[in-house]
Every structure is written in structure tokens, then in C-alpha cells.
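Go by the hints and put chain B onto chain A.
2 protein chains.
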Amino acid sequence: MEQPNTPAAIPRQTLTRLPRYLNYLHGLDPVPEYISATAIADDMGLGNVQVRKDLACVASGGKPKRGYKTTELIACLENFLGCSDTVSAVIVGAGKIGRALLTYERFEELGLHVIAAFDENLDAAAEEDGKPIFPIEKLEDLCRRLNVHIGIITTSAGNAQNACDRLIAGGVRAVWNFAPVHLKVPDDIILQNEDLASSLLLLSRRLSTVL
Amino acid sequence: MEQPNTPAAIPRQTLTRLPRYLNYLHGLDPVPEYISATAIADDMGLGNVQVRKDLACVASGGKPKRGYKTTELIACLENFLGCSDTVSAVIVGAGKIGRALLTYERFEELGLHVIAAFDENLDAAAEEDGKPIFPIEKLEDLCRRLNVHIGIITTSAGNAQNACDRLIAGGVRAVWNFAPVHLKVPDDIILQNEDLASSLLLLSRRLSTVL
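If you're matching them up, the sequences are chains A and B in order.
Each residue of the first sequence is one higher than the one before, starting from 1043 at the first, in this note's numbering.
Each residue of the second sequence is one higher than the one before, starting from 1043 at the first, in this note's numbering.
Errors might be hidden in some of the hints.
Note: identical chains are not told apart, hence a pair may lie in one copy or across any two.
[Stated by the list, open to error] Only pairs whose alpha carbons sit at most 16 Å apart, straight line, appear in this in silico EDC-like list of lysine to aspartate or glutamate:
id, residue 1, residue 2
1, 1107, 1147
2, 1180, 1162
3, 1111, 1171
4, 1138, 1170
5, 1111, 1071
Bear in mind the hints are in silico, worked out from the structure with no lab data behind them.
Isolated chain A, as found in the complex (with noise of 0.2 Å):
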């Protein structure tokens, strides 16, 4: 979706309702893939044209009859108020791999910044040098409360693909994969893999062809 509109365009009633509009979506559990500018004129009490109106402003239209997607919505309400977050990122699985990447000072330095960890796990929040450790049910609902849209994938192979899910239902839109795993993601989603194994079989390899 595009954003047909500059800040100085919009009317400024428009302007105070947009971060209501954020919340609302923001709170949905679980999150519809599309929604309607009826449907949120309703939860919200607000009157159906002037919901068209206001999300006019930063989405251009939804789908005839599903409305807009709802991932999209969001983002684009995030980037026009200026809250788009593309430098947080969770971590699923906090085995050594994710316990190492969550403390690694690098990210910092480059201003990134790997707020907390989840796992399947843990029946309680633990930490790592301070960083928090959550169980995974919290995942969906704790990211998109801190808006997080990088997730970072270190659990086994046979949970990657659960963990990629649950990422996204969450509001994550981007992947760094460790996982030894062909992760199925929506278009929408950037998926970046990082296979350590294999990286070192090729230096094996190249090293081979030398002895």
C-alpha cells in the first residue's frame, strides 16, 4: 500500500484519532488476516465514512468486501506516525545459539537491538546477563506490544517452522533464520537464512581441493 498523503494534508482530527486506530489494532488477539473499515468503525464506536476517511489518509483502500490487510494496515500506520521499529528484534529459541546472539555486544554497537528471547521451554520468564527469556506462548502478544518486526529463528529444525508462524501472527516481518530448515513465509515476509553447518562444510570443501 502506498501513502497518498503527507502529514500536512491531514486534517488534524484525523491526525489524533491515527494512533487510536494503531492501538485498536495493536490489541487485536487474534489478528484477523483482513479487516474492515465497518468492523473497526464498530469496535471502536467511531462512524463508518469517517474510519474511510481517516485510513484513507496512510493505506490506500483495503480489498471490495475483506478490507485491509491487517499486517499492512498496521505497518503503514506505523511508518506514517514514525513508529515503524526496523532496528528491535526477538529471538526464538534461547538454546546457545539464541542464548549467544541475544548478549551479543556487536548488535549493540551497530544500534540493534535483541530485546528478549522466547522459548518452548521455560514455564517461567528466565534471563541471560539480564536480557529477558519468556515461554513462547507469550510471543505473539509481547511483540506486538513492543512492536518488534525482526525475529530471529535459532530453535531446532522441527520448531522452526512453528516458531516463523507464530512470529508473524505477532506482527514480525522479517526473518533471520538459523534454523537448518526451508521456512514457508507470505510474500509480504523477508526471509534471510543463515545455515553455520553449512557455511563450515564449504570451508571444509574449499580447504579440500588445497590439501
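Here is chain B on its own, set in the frame of chain A:
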């Protein structure tokens, strides 16, 4: 250096001496950059001409007045004797990333063996899930004795070049570098860089173009 001969063409007496040359070279400490047939003959109590003939069976001649490049002569002997190991690796830098890689099960699944780690801040041997971690002073000797040719650097940026130099002195021919620093290596050393922070930064930048 090429290998001008196959085992069938080599005198039996020479074949029995080749492992002795390799043992001798593995025992050198420090390892000289070049070594002459004369020096080998003197140290091993063999005839100068005999050593030249023996080594000519597995390695083309060294440089005049300097002799053989020691690491290349070792590689030629190992390769000829079928003992060149292209799947074993050691780690320098036993922080979280280093320890995670030391015990990363996926490596073993692909037939790759990370057999030990070394660290600057250790006074005595330690371990991580049964894998040994040694003080860095043991590095060159153990690498040579274990016949390891792959080194993984997970030190800080400031310690990485020293780690790299020690690995090469220990006979390593391929380096996988996780430290965010440009390493200087001789032309015959394979260097493969893995900058995790740059990878996450790249993902962040890709995300910012779509949000």
C-alpha cells in the same frame, strides 16, 4: 607444490621414512617459515642427499638457499600419506558464540568435528559439555599434534589477528572468522568471514525499505 609421484613409484625405504619426516616437522617449535633438506638431514641424523631424494618424491623442490616452505611441505607429506584432515576444526575464543559453535550438534551431523576451543583467559583446561577448552598457549602445539587444518575465530576484534597468526603457526590452512575485523593472512590460507552483526544489519535495512 605438486606431487610428482604415486606411492607405487617410490622406493620402499623412502615410504617408511616419510612418516618420520612428518613427525619431525610436526615437532618443530617454533615452526620456521622455510626449512632446508640439509637442516632436516642434520636434525634427523640422515644423509643430505637421501633427504633431498625422499622429499622430492612428495614435493617439488623448495626455493634455492631457503628450502621448503614448512607448512607446504607438511601439507604435501600429510596429503601423500593420506592423513590430511579437512573436517576437523578448532575454535579460538571461548565466549558465548565460541562455546555455542564448539557444541553445535549440526556440525557433527554433516561430518564436521569441532574438537577443541582455546581461550586467552584460561589458566587451566576447562570444558563445555564434554568438549575441551585449553589456554591459548597450547594452541600451536595441539593443532599440530591433532593435525587440524581449520580454525574458527570467535575472539574479540582486538584479539582476532593474534588468534589467526597462532592458528596458521599451528598448521591451520583455512580460517572461519566471526570477529568483525579484516584479517591479514598469507596467500595460501583460505579466509572465510562471517559477520553476524552485518547480516542482521542487512536484514534491518531490507526491512526499512518495505515498512
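Hints, one by one, checked against the model:
no.	hint	in the structure
1	1107 with 1147	neither (48 Å within a copy, 49 Å between copies)
2	1180 with 1162	within (10 Å within a copy, 39 Å between copies)
3	1111 with 1171	neither (38 Å within a copy, 47 Å between copies)
4	1138 with 1170	both (11 Å within a copy, 11 Å between copies)
5	1111 with 1071	within (15 Å within a copy, 67 Å between copies)
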